[in-house]
Each structure stands twice: as structure tokens, then as C-alpha cells.
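Colleague: These protein sequences, in sequence, are chains A and B. The first sequence: position 221 = 221 (my numbering), numbered continuously. The second sequence: position 136 = 136 (my numbering), numbered continuously.
It should be emphasised that the hints constitute simulated quantities derived from the structure, not laboratory data. Honestly, I wouldn't trust all of these hints.
To be verified - Derived DEER-like restraints, expressed as beta-carbon distance ranges: (1) B:K100 / A:I53: 49 to 59 Å; (2) B:G30 / A:G45: 33 to 43 Å; (3) B:D166 / A:G45: 17 to 27 Å; (4) B:K100 / A:D248: 51 to 61 Å; (5) B:R189 / A:Q40: 43 to 53 Å; (6) A:T54 / B:V187: 49 to 59 Å; (7) A:D248 / B:E162: 25 to 35 Å; (8) B:E29 / A:D44: 28 to 38 Å; (9) B:T81 / A:V301: 49 to 59 Å; (10) A:Y382 / B:G40: 12 to 22 Å.
Said to hold, decoys possible - Chain A side only, calculated, beta carbon under 7 Å to chain B, not exhaustive: (11) V4; (12) K170; (13) H173; (14) A174; (15) E176; (16) P177; (17) S269; (18) A272; (19) P273; (20) D355.
The structure displayed is predicted, hence computed values, not measured ones. For glycine and all other residues, C-beta sits at the position ideal for the given N, C-alpha and C.
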Amino acid sequence: MKKVVRGFYAVAYSVKLCRPSVICAYPITPQTEIVENLAQMYADGELENCEYITAESEFGAASILVGASAAGARVFTATCSQGLILMSEILFNAAGLRLPIVLVNTNRALSAPLSIWNDHQDFMVLRDAGIIQVHVENNQEVHDMIPQAYKIAEDKKVLLPFMICMDGFKLTHAYEPIDLLEQETVDSFLPPYKPEYYLTTKKPIAMGCYAPPPFYMEFRVAMQNAMLRAKEIMRKVFREWAEVSGRDWGEHLAVDYPNSRIMVVAMGSIVAPLRKVVKELRSEGLDVGLVKIRTYRPFPVEDVQKELGSSEKIIVLDRSVSFGYEGPLSIDLKAALFGRSVEFYSYIVGLGGRDTSKDFLASIIRNVAHNKEKPGWAFKGYKEFEEVIP
Amino acid sequence: MLIEVRFHGRGGQGVVTAADILAVVGFKEGYYTLSFPMFGAEKRGTPVVSFLRIADEPIAERDEVYNPDYVVLLDPTVIETVNILAGIKNGGMVIANHPKKSDELKTELGAEKLNVKVTTINATKMAIEILGRPITNTAMVGAFAGATRLFKLETVVETVKEWFEDDKISEKNAKLAEKAYRYMMEVCR
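Just chain B, with the same shape it has in the complex (with noise of 0.2 Å):
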């Protein structure tokens, strides 16, 4: 078993620590992982990406993931400008924080003849209502777990708790994970 994911966003919005944070979880729950960030320099405020691979046995492969199983958009302007559908699986899943209804963002992509499930979650929106601010990382961490089922939601939430110092923001980020888990569960039963 291998399963690659990319994750699309903006540099700042913690493209590479959504990938890290998942990266820990999965080896929590005894698989091998490797997370990373694209290769090169990343700029605040430009579309980034970043990987992670997930597997039952110790992972080879070191190169950039082009044909994910998964693609989790943290940030919805970036399809505006970057095809976040490239080289994606055949019956591969994308999990999006986008405002629209999961089928809207499936035509806007340009996705309907392809065997491609398309699922959005308002992570903003949730995320100003926890957080205070519109950052993504930890919803789309959540999000990613609930949608797949691959993590349980107390490895998603004890992790998330772990990876900041400051215990409120800790607190708030995990309660987002937590709700952005559950909505994924609901949504793709």
C-alpha cells in the first residue's frame, strides 16, 4: 500500500505543516510516512504545494508525488491559476475548502468526465469561527482524516494538540480539526 497525497495552498497559510501534522499522525498509527515540501523556494502569498506519502512498508520513493490518490486544496483562490487536478489517480478523491457545493466545484474544475471524487468543506468559514483568523492547516488536517477514514479522530486531535506550544491555540486548532473531521465523516458516508 502507497498512498500519495499533494496539498495545494498560498505560501504562510501552513501548506507544509497540514503535510508534517499528517505525516505524525500516520506514523502514530503504525504506518511509515514522509512528508515534504516542493523542492526549491517558496514564496509567502504564492500558490505552494506540498506532499505526503503514506505506506505499509518503509517508502523508496523520494521524488515530487505527480499522480496522487488525494489532492487537499487549503486555499480556494488557487484553482484560479494552478490546475490542482494534474496527474491525479484514476478514482483518486479531492478535498477541498471551498465555498461551493462539492458538484459546483467539480464543473468549475473541469472534472466531470473524469472518474475524480470531489468534496468541499468551508474551512474558512469554520476556521474564522474558531480561530479568529482564516487559516486552514489544521481544518484541512482534520478534513483530509475524516474524508478518508484512513486516522482515527483522537490521533487527528491529540496530534493537532501537540504541534503548538501556546494552549489555547493548540485547543482552538484542535476543536477546528475535530469539526472539520466530523463534517468530512457526515459528508462522505
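Chain A extracted, bound-state conformation (with noise of 0.2 Å):
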């Protein structure tokens, strides 16, 4: 049923609809919203057998998200940012623990200086932990993702905690039509959740022992194990899900006009304007495709091959910064496309909100696509300034 409704409660309503056992959080703009309509739908007796933990801090949240999930709970947060970073330390021991926690987080800039507003440095904090990112362009995509992300992180095969990134801002705060998922469909795509190991005193087990250097590479192969099984899986259920929904929203990529001379590659809400942007282009004679990254990690090194191999110029578009390097996306996409004859073109754009306008991405395109960029990496749509050194 297509309703208007807030990303937030899109987020919301896809979760209750996923009958979580256990809900924990700390509030933190612009995710807050995603908690209050769960802790609403809570008090009016919407969650059946689930509980509403506030905790006092996000390491709090996260720390009773991993017991619980220990416990056998199907369990659910959402945070970002500081929040993230916060949780950080828990949740690279929630990946360690096999834990499938599935968290939302509603992509924010990192501090200082303080911003609340959106692009992509914290959850890059936690690339490298073993949880699993997934980006969604828009609302209905984050709709979308939920029953998938718990599918995929309870899957035996992977057992990884499952971060599904929204920019924050441009789509927690939107209100649009959304096509509301109906509980028969969740039902019947999503089975309940039935560790087969967890905590419990009729079958003890210890969870998280300490592992001294005999023991502990082959904990950390096995993640790395599960996370590359997890592509095959996520492709299984990526198609499952168009089946179920009617909805395709691709698999690990989505490709717009592919094997384009020209690729332009992004992750998140600017998906949407670039799509525009890329069309128009062609309508201007410029041969230019998009690839979407939807999954991040596992990275999608097989498909970034197929899909990208024999281009000839690839713009990227990062919103974070790997300090001292370049955008973190830039890196990953030119290691996967190592040894091809490919130029990149790696900007990153749009920090802590800085818009990224329809103009201002074609301008970019152009720009590239007339040879009035060399390649290499720059930032832009910044203001030019001169920094003093004292």
C-alpha cells in the first residue's frame, strides 16, 4: 500500500514488520525519528514479544544489542557518526562474536567541527570491522533492505552483523510515497530467527574467548570466510527479493547505460541526481553510463570487473576522505581494476552537506569527458581559501 510517510518510519515500519525480539538505542540526529516511531509503536502494543531497551549512551546500546543477540534475539539499532564511532569498539566485537545485529545508519559527518550534516566518514570507521554495508539510493530501497539485511546476516553461512547506510538528512527527512510492505510478504520471505548455537544454560557455550596466537588467525579466516560467502548469498537473496517484491533493485551494482566509455560511480542518495544528470549527458552525445555501489562490503570486486573492466575514463565520487590518501572508494575501485588500461577521475564531493546539485555533477561529467581534467584525484565544490599556518 503506497502511503506518504517519513524515511524514518520507512525504516521504522520495515523493522516491526520483521517481528525484532529486541530494540536498543541512543538518540542521535538525523536518526533519532527511526527509534521514536519504534519506541511509539513499543508503547501502543504494535511490537509483539519484542522489548524496548533506552540505553544510556550508544556503547551501552550496542552492548546490549550483542547480549541479546547472543542470547538467540533477533535485535535492531540505528545510529551515526558519533554514535557510530561510539559503538565502534562493541561492534567490531559483535563481527568477531558472529553476531547478526542489523543496524541503520543514517550516514553523518564526523567531528570537528561539529556537523550534523550528511556524507560518508563514519561508516567507513567501521569498513574494515566484518559487518556488512549495504547503500540505498532512497526510501523505499532502506524499505526495501530491512527483511534482506536480516535474511542475510541470520544466514548460517555468514552469521556478520549488517549495517545498512542512508544518508541522513536527504532521506531520513524526506516524506514521500512509499509502497508499504504487508506483513504476509515479510512473513513469508523472512522465517524466524533459530541460532543454532547461543546462549543458554541448558547448553552451555562460551562466546568471545580470549584466543592467544595459536588460535586466533583462523577466527579472523573464517570471518573473512563467511564474508566472501555472503556475496553469493546476498545475490541469492537480492534476486529472491525482486521475486517476492516486484521491486529489482539490482545486485551488488546497478549499471545504467554499462560498457559507456565514460563510468561514473557513486554510492548513496546522489545515485538518484546522477541518474538524471547521466541521462541528459547522452542526450548531449556524451557517451556516459553510472554504476550504483550497493553493497560495499564484501566488496564487489568480480562485478566492479565486469562492470567497470573496459572503461575508459571512471569518475568516482567519494564523500569521505581516507586522510593522507584519497576518497576510500576511489582506493578500492582502482585495486579491483588493477593492471586495466583505465583512467580515473576520483573527486570527492558534498562533506558535511555541501550540496551536490544537478549542475554542479554535470559540470563534473563534462568537464571530463572534454579533456579539461587530467586524471588523478581532487576535491570539489569547496570555496577557494587560504589556510594560515601560524
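Each of the two chains sits in its own frame; use the hints to bring them together as a complex.
Modeller: Set out below in C-alpha cells:
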């Protein structure tokens, strides 16, 4: 049923349909209304067999979820930015403990200086944690992704935390028509979570043991194996979702105009305006296509090689910085395409909520197409300033 | 077709709600709609803005609206500190809750030389008469729809009615929206 709702509600309602057992969170802009909506549903008795716990911090929230998930509960939280990095110690543990915690990160800049606005610096901190990271373009996609996240994370061949990354404000605060899922659809797609191993007095086990050098490395190899297995399982679940919901979001990548001479690569809400820009530029005669990265971890190397391996120029739009190097997405793409004769034009745009209008995006692509740029990386869309070095 | 609207008012006056109600009205009439508040932190009593986009295809633009086709003013005092004409499109229109006549406000805004239409409605007076309170968001929902003729009166009235849980409040707001709609239909003939 289509209804006009805010991004927060699109998330909360989908979480409800997944029948979580424990929700625990701490508020932070621009995430707060996701858990406020869930708290309201809890107060109204709409969340059956679910415990809603308010934590004293994000560190506490993540810790409570680790306990609940280890005891066999399906759990949910949402956070971002400072909240996510406060959770980070626990989330690295959650991955190592192989707990299928699902969390929504409402992508926001990191301090300092303080910014509550959207960019991609926060989730990059958790990039190497052993957490699956999927990026969404709009609120329908995040609504659809939540049941898929549980199905993938809870697959016994995977058992890893799953982070859905949605752009703060641009998506969270948007009030727009969403085709809300039916309970029956989600129930038929997502079975209840019944882990083989969990903390119980009936069959005691230990989790997160001390692992001295003879043992530690094998656990980490097993984590990597799970991440790599997840690639195929995700593909299968994405396909199944397209069947069940009638909405096909693609697989690890979604490609507009494949095999174009120039390919633009991006992730998150910037993909929507890029789609229009690319279409308009094609009508001007530019041979340009678009690759949307949906799965960022595990990184879909094979898909990237297939879709981008034979292009001439690749424009990467990163929204975060690996300080001292360049944009992280660009670094990953270059590694995946090592040895291919392709030129990279890697741009870091839209930090801390800086707008990335269609005109701005079009000018970037035009400049590359008309050979006005040299290959390399650069910041785009900032004001020239003189740095004061005392 | 992509129509962009910016709403001006003060925090607590329902500036965001006005854009939201119109997003639902537009959706019911078969359009794609998108409304959202100013990105950041709003405070009660300070000047705030909200945004609305109406289109006949899915809306990709998610930046704030910088070049509105329409500017809707909920609180007349905001113009003392905020340039509500900022970035308005050539041929655009200001729909203002203001006690002055349209041409007087146009002069006051310094818009004589711009190709911009300014239309006023004393929505505060209407709201006090009908609601007993100077809350103008539902009046300006009606005023916008009546002035632009984008949406039918029935859809506006039905949506405003559904918006409020309390029957009395819902009836009064629907009446207010209808009065503003009809007034603007007359003025913008």
C-alpha cells in the first residue's frame, strides 16, 4: 500500500514487520526519529514479543544488543556519526562474535568541526570491521533492504552484523510516497531467527573467548570466509527479493548504460540525481554510464571488474576522505581494476552536507568528457581559501 | 514537470506540516511529491523554512530548494529579517499571509522590478476567526492550492480533515483551508 511517510517511518515500519525481539538505541540526529517511531509502536503495543530498551549511550546500546543477539534474539538499532564511532569497540566485537545484528546508519559527518549533516565519513570507520555494508539510494530501497538484511545476516553461512547506510537528512527527513510492505510478504520471505548456537543455560557455550596466537588467526580467516560467502548469498537474496516484492534493485551493483566509454561510480542518495544527469548528458551525445555501488563490504570485486574493466575513464564520487591518501571508494576501485588501462578521475564531493546539485554533477562529468581534467584525484565544490599557518 | 516550493514561517507554526499536507494532497492527485524540513536544527519562534517538490515523475533532487517556483509565507513578521525572495524563479509567485494589499507588499519586498507575482491573504485574521488561534498553516495550504490551482478543493479539504485526530479541530481546519482556497481562487482569477 502506497502511503506518504517520512524516511524514519519507512525504516521503523519495515523493522516492525521483521518481528525483532530486542530494540535498543540512543538518540542522535539525524537518526532519532527512527527509534522514536519504534518506541511509539512499542508503547502502542504494536511490537509483539519485543523488548524496547533505552540505553544510556550508544556504547551501552550496542553492548545490550550483543548480549541479546548472543542469547538468540533478532535485534535492531540505528545510529550515526559520533554515535557509530562510540559503538565501534562493541561492533568490532559483534562481528568477531559472529552476531547478525542489523543496524541502520543515517550517514553523517564526523567531528571536528561539529556537523550534523550528511557525508560518508562515519561508516568508513567501520569498513574493515567484518560488518556487511549496503548503501541505499532512496527510502523505498531502505524499506525493502531491512528484511533482506536480516535474511542475509542470519544465514548460517554468513552470521555477521549488517549495516544499512542511508544518507542523513536527504533520506531520513524526506516525506514522500512509499509502497509499504505487507506483514504476509515479509513473513513469507523472512523465517524466524533460530540460531544453532546461542547463550543458554540448557546447553552452555562460551563466546568471544581469549584466543592466544595459536588460535586467533583462524577465527579471522573464518570471518573473511563468511564475508566472501556472503557475496553469493546476497546475490541470491537480492534476486529472491525482486521476485517477492516486484522491485528489482539490482545486485551488488546497479548499472545504467553499461559499457559506456565514461563510467561514473557513486553510492547513496547522490545516485538519484546522477541518474538524471547521465541521461541528460547522453542526449548531448556523451558516451557516459553510471554504476551504483549497493554492496560496499564485501566489496564486489568481480562485479566491478565486469562492469568497469573495459571503460576508458572512470569518474568516482567519494563523500569521505582517507586523510593522507584520497577517497576510500576510489582506492577500492583502483585495487579491483589493477592492471587495466583505465583513467581514474576521483573526486571528493559533498562533505558535511555540502550540496551536490545536478548542475554541479553535470559540470564534473562534462569537464572529464571534454578532456578539461587530468587523471588524478581532487576535492570538488569547495571555496578557495588561504590556509593560515601560524 | 517539477514544481519547487519554499515555505517561510517561525518554528512551531506548522511550517513543516504545511509542506507535508500538500505532499499528501499532491500524492492523492497522482503526482510524485517530496517534502522536507530545513536540514539542521529548528528552534521555536525563530524563522524556519520547509520545502516541497511536486513532479510527474519520480523525484531525484534531494538538495534544499534554492530556486523556488513558489514561496509561501506563513508569518508576516519573517520578512523583517529574511529575504523570502531569495532565488525565486523568473515568473515565480509569492503567496503571503500578510495584512497589506498585494501590490503594497510587493513594493515592501523590493520586488517591483522582478517578474514575480505577489499575492496576499490575511490568513492570521481568518485563523483567529475560525480556529481562535493565529495558526496559519492549514489556511496557507488552502491558499497555495487555490492560488496555483494545482489541486482540487475536495482533495485539500479531505486531506486536512484526515490530518487531525480530534474531530472538532479537524473540521475547523478544513473550514479554514476551504475559506483560504476560495479567497485565492477569487483573487488569482
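Colleague: For each hint, tell me whether it holds in the structure or not.
Modeller: Here's how the hints hold up against the structure:
For K100 (chain B) paired with I53 (chain A), a C-beta distance near 55 Å keeps the hint of 49 to 59 Å intact. Distance hint check for G30 (chain B) and G45 (chain A): the Cβ-Cβ separation is about 36 Å, which falls inside the suggested range of 33 to 43 Å. Taking 17 to 27 Å as the suggested C-beta distance range, the pair D166 (chain B) and G45 (chain A) conforms, at roughly 22 Å. A hinted range of 51 to 61 Å holds for the C-beta pair K100 (chain B) and D248 (chain A), which are about 54 Å apart.
About 45 Å separates the C-beta atoms of R189 (chain B) and Q40 (chain A), a value consistent with the hinted range of 43 to 53 Å. Range check, T54 (chain A) to V187 (chain B): Cβ separation about 51 Å, and the 49 to 59 Å hint holds. A hinted range of 25 to 35 Å holds for the C-beta pair D248 (chain A) and E162 (chain B), which are about 33 Å apart. A hinted range of 28 to 38 Å for the beta carbons of E29 (chain B) and D44 (chain A) is consistent with their spacing of about 31 Å.
For the hinted restraint 49 to 59 Å between T81 (chain B) and V301 (chain A), the CB-CB distance of approximately 54 Å keeps it satisfied. The hinted window of 12 to 22 Å between Y382 (chain A) and G40 (chain B) holds, with their beta carbons roughly 19 Å apart. The criterion of a C-beta within 7 Å of any C-beta in chain B is met by V4 (chain A), whose closest approach is roughly 5 Å, and the hint holds. The beta carbon of K170 (chain A) comes within 4 Å of a beta carbon in chain B, closer than 7 Å, and the hint placing it at the interface holds.
A hinted interface residue such as H173 (chain A) counts as satisfied when its beta carbon comes closer than 7 Å to some beta carbon of chain B; here the least separation is about 5 Å, so the hint holds. With its C-beta approaching chain B no nearer than about 5 Å, A174 (chain A) sits inside the 7 Å limit, and its interface hint holds. Nearest Cβ of chain B to the Cβ of E176 (chain A): about 5 Å, under the 7 Å cut. The hint holds. Here the hint on P177 (chain A) is kept, as its CB sits about 5 Å from the closest CB of chain B, short of 7 Å.
Proximity of S269 (chain A) to chain B holds as hinted, the smallest CB-CB distance being about 6 Å (cut-off 7 Å). With a least beta-carbon distance of about 4 Å to chain B, the hint placing A272 (chain A) at the interface is held under the 7 Å criterion. At a threshold of 7 Å, the smallest CB-CB gap from P273 (chain A) to chain B is about 5 Å, leaving the interface hint in force. Nearest Cβ of chain B to the Cβ of D355 (chain A): about 5 Å, under the 7 Å cut. The hint holds.
Hint check: no violations occur; every hint is consistent with the structure.
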